[in-house]
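Trainee: Using the hints provided, position chain B relative to the given structure of chain A.
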Amino acid sequence: MKIIGLLLACVWMVAAAGETILIRDADVYPVSGKEMKGVSILIQDGKIAEIAAKIVPPKGARVVEAKGMRVYPGMIDSGTELGLSEIPAVRESVDTGELGEFMPQLKALVAVNPDSEHFGVVRVNGITSAMTFPSSGGGGGRFGGGERQLISGQAALIHTEGWTWEDMEIKRSAAMSVAFPSLARGGRGGAVPDSVVEILGQTGLGGSAATALRNYEEAIAKLSDFFENSRRYQKAKAAHLADFRTDLKFEAMLPVLDGKVPVAVTAARASTIHDAVQWAKKQNIKLVILQPREIGKAAADLKAENVPVIFGRVLALPETEDSAYDEAFTLPAEAYKAGIKFAFGTFTNEFVRNIPYQAATAVAFGLPYEEALKAVTINPAQIWGTGDQVGSVEKGKVADLMITDGDPLEIQTQVKHLYIKGKEVSLENRQTRLYQRYLNRN
Amino acid sequence: MKKLILTAIAVMAPLCAQTIVIQNATVMTVAKGTFKGSVVVKDGKIAEVGEKVMVPQGATVIDATNQYLIPGIIDCHSHIAGDGGINEGSVSVSSMVNIKDIINPEDIAVYRALAGGVTTANILHGSANAIGGQTIVLKMRWGKDAQSMIFEGAAPGIKFALGENPKRAGNPQGGRGATTTAARYPATRMGVEDTIRDAFNEAKIYKAEWDDYKSKVAAGQHPIPPRKDLKLEALKEVLEGTRYVHAHCYRADEILMLLRVADDYGFKIRTLQHVLEGYKVAKEIAAHGAGASTFSDWWSYKVEAFDAIPYNAAIMAKKGVVVSLNSDDAELMRHLNSEAGKAMKYGGMTETEALAMVTLNPAKQLGIDNRVGSIEVGKDADLVIYDKFPLSDYAKVQKVLIDGHKYFDRDEEVSGRPAKAAEKQKLLEKEKQAAPRQGAPAGRGGRG
Numbered sequence: 000m001k002i003i004g005l006l007l008a009c010v011w012m013v014a015a016a017g018e019t020i021l022i023r024d025a026d027v028y029p030v031s032g033k034e035m036k037g038v039s040i041l042i043q044d045g046k047i048a049e050i051a052a053k054i055v056p057p058k059g060a061r062v063v064e065a066k067g068m069r070v071y072p073g074m075i076d077s078g079t080e081l082g083l084s085e086i087p088a089v090r091e092s093v094d095t096g097e098l099g100e101f102m103p104q105l106k107a108l109v110a111v112n113p114d115s116e117h118f119g120v121v122r123v124n125g126i127t128s129a130m131t132f133p134s135s136g137g138g139g140g141r142f143g144g145g146e147r148q149l150i151s152g153q154a155a156l157i158h159t160e161g162w163t164w165e166d167m168e169i170k171r172s173a174a175m176s177v178a179f180p181s182l183a184r185g186g187r188g189g190a191v192p193d194s195v196v197e198i199l200g201q202t203g204l205g206g207s208a209a210t211a212l213r214n215y216e217e218a219i220a221k222l223s224d225f226f227e228n229s230r231r232y233q234k235a236k237a238a239h240l241a242d243f244r245t246d247l248k249f250e251a252m253l254p255v256l257d258g259k260v261p262v263a264v265t266a267a268r269a270s271t272i273h274d275a276v277q278w279a280k281k282q283n284i285k286l287v288i289l290q291p292r293e294i295g296k297a298a299a300d301l302k303a304e305n306v307p308v309i310f311g312r313v314l315a316l317p318e319t320e321d322s323a324y325d326e327a328f329t330l331p332a333e334a335y336k337a338g339i340k341f342a343f344g345t346f347t348n349e350f351v352r353n354i355p356y357q358a359a360t361a362v363a364f365g366l367p368y369e370e371a372l373k374a375v376t377i378n379p380a381q382i383w384g385t386g387d388q389v390g391s392v393e394k395g396k397v398a399d400l401m402i403t404d405g406d407p408l409e410i411q412t413q414v415k416h417l418y419i420k421g422k423e424v425s426l427e428n429r430q431t432r433l434y435q436r437y438l439n440r441n
Numbered sequence: 000m001k002k003l004i005l006t007a008i009a010v011m012a013p014l015c016a017q018t019i020v021i022q023n024a025t026v027m028t029v030a031k032g033t034f035k036g037s038v039v040v041k042d043g044k045i046a047e048v049g050e051k052v053m054v055p056q057g058a059t060v061i062d063a064t065n066q067y068l069i070p071g072i073i074d075c076h077s078h079i080a081g082d083g084g085i086n087e088g089s090v091s092v093s094s095m096v097n098i099k100d101i102i103n104p105e106d107i108a109v110y111r112a113l114a115g116g117v118t119t120a121n122i123l124h125g126s127a128n129a130i131g132g133q134t135i136v137l138k139m140r141w142g143k144d145a146q147s148m149i150f151e152g153a154a155p156g157i158k159f160a161l162g163e164n165p166k167r168a169g170n171p172q173g174g175r176g177a178t179t180t181a182a183r184y185p186a187t188r189m190g191v192e193d194t195i196r197d198a199f200n201e202a203k204i205y206k207a208e209w210d211d212y213k214s215k216v217a218a219g220q221h222p223i224p225p226r227k228d229l230k231l232e233a234l235k236e237v238l239e240g241t242r243y244v245h246a247h248c249y250r251a252d253e254i255l256m257l258l259r260v261a262d263d264y265g266f267k268i269r270t271l272q273h274v275l276e277g278y279k280v281a282k283e284i285a286a287h288g289a290g291a292s293t294f295s296d297w298w299s300y301k302v303e304a305f306d307a308i309p310y311n312a313a314i315m316a317k318k319g320v321v322v323s324l325n326s327d328d329a330e331l332m333r334h335l336n337s338e339a340g341k342a343m344k345y346g347g348m349t350e351t352e353a354l355a356m357v358t359l360n361p362a363k364q365l366g367i368d369n370r371v372g373s374i375e376v377g378k379d380a381d382l383v384i385y386d387k388f389p390l391s392d393y394a395k396v397q398k399v400l401i402d403g404h405k406y407f408d409r410d411e412e413v414s415g416r417p418a419k420a421a422e423k424q425k426l427l428e429k430e431k432q433a434a435p436r437q438g439a440p441a442g443r444g445g446r447g
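Quick mapping for you: the protein sequence lines, in order, are chains A and B. Heads up: the first sequence begins at 0 in numbering that gives the first Met the number 0, then just goes up one per residue. Heads up: the second sequence begins at 0 in numbering that gives the first Met the number 0, then just goes up one per residue.
These are computed hints drawn from the structure, not numbers from a lab. Every value quoted in this text rests on a predicted model; they were computed, and no experiment measured them. All the given hints hold, so there is nothing to weed out.
16 Å max Cα-Cα, derived EDC-like pairs, lysine to aspartate or glutamate:
#1 LYS143/B with ASP402/B
#2 LYS423/B with GLU320/A
#3 LYS395/B with GLU409/A
#4 LYS387/B with GLU409/A
#5 LYS395/B with GLU326/A
#6 LYS419/B with GLU320/A
#7 LYS301/B with GLU91/A
From chain A, some residues computed to sit far from chain B (all C-beta separations above 12 Å):
#8 GLN43
#9 GLY59
#10 TRP162
#11 SER172
#12 SER223
Just so you know, even glycine gets a beta-carbon here, dropped at the ideal spot from N, CA and C.
Next up, chain A with everything else stripped away, as it sits in the complex (with noise of 0.2 Å):
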């Protein structure tokens, strides 16, 4: 028994490299455009190469009948520490969090560990891609050495499955993150709301609200401090002086500078994301706001300066005693209304697996299930400017794509087949051996 499944393993590993693949007679949702029933994909270097209502299977190519089932582009997670971290308890399996106040050069990719167990599990329910943030505010990051980061580092969008990490980048740098500072206090993310904050004013919340004003101000002063000497630098470089020397900190800031690559800023309420914004449009920087726990008066700034936000978990509970308890729920299809683009991430590895099912919340709270399918695919792609390579399964991309025997959000739903890059992955994991083994223990 072991020998014929070692065997099938290394049939399939051969057959797996470089394969030209047939999808046949398949439902095909693209979300970039309406569903086509019973067509075909060729799957060829990596990419789709076809999409139509009959392919000949060139020579060679594997054929994979499809019929009845349906074929999606691979969802993402936009908001992971996947590779980054391992167990959250274990401080030496957790390599998010690094010292130092400003460190724009860390690059989250290089730490990727593509042996993690998270990988494989992740992928069994169709995730072919996330972004992993070296900071994103979840799990590792208390064990940095405790001063709090401002600018902790480059997110890269990666696929879930490769050798290494060179592999499974997609984006290396796809965002920068920093801790834009917030007036806040209490609770995770500032459990005082901004209604509560204009009624009372800020004497209202207590003696402290002076010195944290005063902070608060700051930080942002030594934000923009560093953004400004970082573009001392960029002039110095373009203008080639003799004594310009190269410093790996500014260097990473100039694609920031450029608005090649977005700031990544974590902002629950309504005023943080409102001063975020402003600030960004300040520095004239691109800006992608992280797990909001309120849209409410900060629409407009998110509209107007067209910043599109990543949710954090759905299925969460509301910030305060007194709000609606369905607050976290509704929230995705407020900003739908409200005209924002957004995408889903959950902001802990553990959880990544479940992100249809958060999508699947919003829609039971209002969001259109189309919106909440394109907020695991083809919106976070485009945020993290990956749009014309990954998100939809169209000619020409990358073919990240699942098949499944029904809609991806729906938790009975099961993905079938599941390619990387052209690649068919294997949906066996370190959890479904085990499950094997005790199942069959005597």
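Mentor: Chain B only, in chain A's frame:
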């Protein structure tokens, strides 16, 4: 401030006891299949279940066309409605303390649990020590006082904890010999076994003293009663089988250890909680007769959760263990219906088997299945209406009944929001006039 807002949003008086007919629903009874039909509720109990029922005169009719009706969800592991700390971790054995004494009926988590279809929850002590405090089963009777929330007649329990959590206090920060915090025994899984064994050794002697005293009294003698020991009293009840053991555990070795200690002292483990490696020793769990209450798919957050698999529930069920899915978390508690759906996805449980894991099975584990857990004539009218197939995140809770009273209604909740917002605004204006006070953040659930 906190109080004022709470009062403003909290009070939703349940309807008076009356006859209710829920019509045209897809009724998932859990015990007797699924069918399209009606359920009649009378005096807080399920009076009739059938495809066609007579509507009694004066009955309130709830039309549930295209909707689903399930028994109220039961969470076998929760820490909501606890006022302040739930971990008496200063000692390794804290069997003298009782969650019953700190019930806070105004915890907003109770209302949120209702909005997620939960009608009953097992409120447990924390997992900081090998033998923790006494536990209590509550119905989510939002708006009632603490006493009225207690599930009448449900056997009381006690929390045990194995593995990393009870070891933690034995391994203070800074390592052994650090002067900041004194280490508390035990520091290893060996010590956890010894702690439990030692406690039951004492309890057995204590029980013998009382048994001897009682037999002498019965024989007409007038002996001096033994000194009452509140710590050992609860363990004596465990030995007598009147108090259920709910044991927090992760790894297969510690699960087996506890079963063997229980075997040695002649008591039963009622439920193994979390029991993430239960699938490795499912045979032994089934043989002991312990129930297993686990997470659907949590894993990797600590070393002892690294072998956790989402197939755990399915394997244990296939090997004859009564399995429930729990939350241990005020948020997760709100969608145990979709957590049950995951038992279908991972391991191929049927619809009914999966739904039983959050209804009938936890009822069995808590010894209250004669009252709740399925839609059957004579059982409490604890019912939940969903707009869609409930084992999915597409489904929303529409209405929740406990004892035939409506405790949650989504339409009323949503339509009542403008009025509540206006009332809150008024209260805030009033607060503005008064002396400024500190705003307080809401409490949150942790995890095992």
